[in-house]
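Peer 1: These are the residues of each chain, in order.
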Amino acid sequence: MARITLENLAHSYHPDPQSEDDYALKSIDMTWDDGGAYALLGASGCGKSTLLNIVSGLLVPSHGRVLFNGQDVTGAPTTDRNIAQVFQFPVVYDTMTVRQNLAFPLRNRGMEPAYIRRRVAEIARMIGMEDVLPRKARGLTADQKQKISLGRGMVREDVNAILFDEPLTVIDPHMKWELRTQLKTLHRDFGHTMIYVTHDQTEALTFADKVVVMHDGQVVQLGTPEELFQAPRHTFVGYFIGSPGMNLLDATVRGTVADLGGHSVALRADYGAPKGRVQFGIRPEFVQFDDSGAGLPVRVRRVEDVGRHRIVRSDYNGTPVNAVLPEGLPVPAMDARVSFVPEQVGVYVDDWRIAPRERAV
Amino acid sequence: MDKTHDNRAWFMVLPVFVLVAFSAVLPLMTVVNYAFNDTFGSNVFFWVGIEWFDDMLHSERMWGALKRQLIFSAVILAIEVPLGIAVAMCMPKRGVWASLCLVLVALPLLIPWNVVGTIWQVFARIDIGLLGYTLGQMGIDFNLGQNAAAAWVTVVVMDVWHWTSLIVLLSYAGLQSIPQAYYQAGRIDQASRWAVFRFIELPKLKGVLLIAILLRFMDSFMIYTEPFVVTGGGPGSTTTFLSIDLVKMALGQFDLGPAAAFSIMYFLVILLVSWAFYTVMVNLDREDMPK
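Residue numbers (the working numbering), protein chains in the order written: chain A, 842 to 1202; chain B, 480 to 770.
Treat the hints as calculated values from the structure; they're not laboratory data.
Just so you know, not all the hints are guaranteed correct.
As the list claims (entries may be wrong) - Restraint-style ranges between C-beta atoms, simulated for each label pair:
#1 A:Ala-983 x B:Gln-659: 14 to 22 Å
#2 B:Leu-562 x A:Ala-983: 34 to 42 Å
#3 B:Pro-561 x A:Ala-917: 29 to 37 Å
#4 A:Asp-874 x B:Gln-659: 25 to 33 Å
#5 A:Ala-983 x B:His-484: 42 to 50 Å
#6 A:Thr-938 x B:Val-752: 27 to 35 Å
#7 B:Val-575 x A:Leu-908: 34 to 42 Å
#8 A:Asp-874 x B:Ala-652: 27 to 35 Å
#9 A:Ala-983 x B:Val-575: 33 to 41 Å
#10 A:Asp-921 x B:Trp-592: 48 to 56 Å
Think of the CB as a built atom: it goes at the ideal place given N, C-alpha and C, for glycine as much as any other residue.
Isolated chain A, as found in the complex (with noise of 0.2 Å):
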């Protein structure tokens, strides 16, 4: 178990990078606590599955340092890490069968049998397996392969890490809750130090102490699913996290007041007068119809039903509004007119989010 750090970390796939943009991986600098339970989020080609492979060793990166404990690992080749990875697809030993799948990290670790033979009876025991040890891998369906994949991951106790690159792709919907929360039970009664990529922010949120949400080669945001939430660093967190995402309107901040193109909002705080792109950020959640004729005009397109509230899609001026309708409450008219909960609004300036000057009284 080991506590992970990377500084000053970047990774291109050309053999020359010129620009940023041939990096895969832009500066990345970020510790992982020992026995922490970490998701990796981000929309495909982000570069999660790149930093995960450093962080294993499959790939050298071109710059900056991984480091185990404090102790350089940047050249260390993977089997030396002593790490666990589960790949995205399926991948197991045809010839052997289940059981020997999952003895296998542990012999070539020179483990004794009897030790073996507790512990994989212990991970079958886990992923539902006990009754197909005997059976060769080669003919088992998708979900049972990664299982065994899954297993092999977990098989070792002493490992420093254990990596997965969205793991449940293939997997059935109900083993996939299943084994999430299996998962989550291994990392609470083992602490081994867990870091889980997907593109799924359920699975992410659900899985993990701290989301790493990653856009373009970059990290934007580390934080709780509380935080990221609450309060998203980047224009791309509020629209990642959140179904739907969060709104995001162009807008003029001056002081305590945004001007939303012709309709001015009141600001909690005095955000001064930011230059270059600036938006107006506020989640779905927080925005409520307004009988009252003083709030932003919008049009009502259409109205979503999804069990416990009703999602209400609008526009202003061209610009998507969403808004949460909690249960019981009217819907509105095509053309109503929304206002927003002053404390959850964000100002964003070049999709990074700003903080107030000062507290407004």
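Given the coordinates of chain A, work out where chain B should sit on it, guided by the hints.
Peer 2: Chain B alone, transformed into the frame defined by chain A:
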């Protein structure tokens, strides 16, 4: 769709029948004919039943040739298969060098058998051959015409030189088709190089290796031209393999009856071995399928 049934359609298969008859059945039947008859010339034949087969089965000469043949096939397989896999694993996986290596490796396969024989015949000669002369100067008696060991070494090395490439190419293709993820998983699971070979590469190569072994076995079992050019089957009959013996018998001594019986048995042995290989291959595949 409605199908019209008209048995006259069988006539359309006729050309194939005629072709196969002329190319395979008739020549084979001639051999069968000789195998069960004897003649004193003038195209007069009389029936002898299985006498020639009986003769052949009790012929020390035939058993000797068969034994040499089996040893030869076993030896070249034992050398070529591991060597071919090893060479394939050492070859670059991509880039200009990969293409260059492939071309170089494939070269021996493009050389006609008798040319290969000639090359090695000359190469091994003690008077003008680089190999034979050099060994001679080093005090090693390497005389193809008199030394059975020298003859065997030359024939085996020649076959390895000529045909290892086939195994290399097949193994290389097999290795290329292994997804990178398996190697990555192997590294994650801290597998040794040997474990990676044993549990990742070898299982994935199984299919192509069976084909390769089958091809090499068949080919070596029927080998004729190369050893004939190099040693002519000698010294004595130490490198007289089945085909060479057969030709000696049929054309050298004009013993057509025994030679025909020999041919048929030779053919049946090859058929049997191919069938055995095929069955093994199919069963290996089936064994791993879920029940």
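Peer 1: Determine for every hint whether it applies to the structure shown.
Peer 2: The hints, checked one at a time:
1. Between Ala-983 (chain A) and Gln-659 (chain B) the beta carbons are some 19 Å apart, a value that agrees with the proposed interval 14 to 22 Å.
2. Checked against the given bound of 34 to 42 Å, the beta carbons of Leu-562 (chain B) and Ala-983 (chain A), roughly 37 Å apart, stay inside it.
3. Checked against the given bound of 29 to 37 Å, the beta carbons of Pro-561 (chain B) and Ala-917 (chain A), roughly 32 Å apart, stay inside it.
4. At roughly 31 Å, the beta carbons of Asp-874 (chain A) and Gln-659 (chain B) sit within the given window of 25 to 33 Å.
5. The hinted window of 42 to 50 Å between Ala-983 (chain A) and His-484 (chain B) holds, with their beta carbons roughly 45 Å apart.
6. In this structure the supplied range 27 to 35 Å holds for Thr-938 (chain A) paired with Val-752 (chain B), their Cβ-Cβ distance being about 31 Å.
7. For the hinted restraint 34 to 42 Å between Val-575 (chain B) and Leu-908 (chain A), the CB-CB distance of approximately 38 Å keeps it satisfied.
8. In this structure, Asp-874 (chain A) and Ala-652 (chain B) break the distance hint of 27 to 35 Å, their C-beta atoms being roughly 47 Å apart.
9. Taking the beta carbon of each, Ala-983 (chain A) and Val-575 (chain B) are about 38 Å apart, inside 33 to 41 Å as hinted.
10. The hint said 48 to 56 Å for the Cβ distance between Asp-921 (chain A) and Trp-592 (chain B), and at roughly 51 Å that hint holds.
Hint 8 from the earlier list is the only one contradicted by this structure; the remaining hints agree with it.
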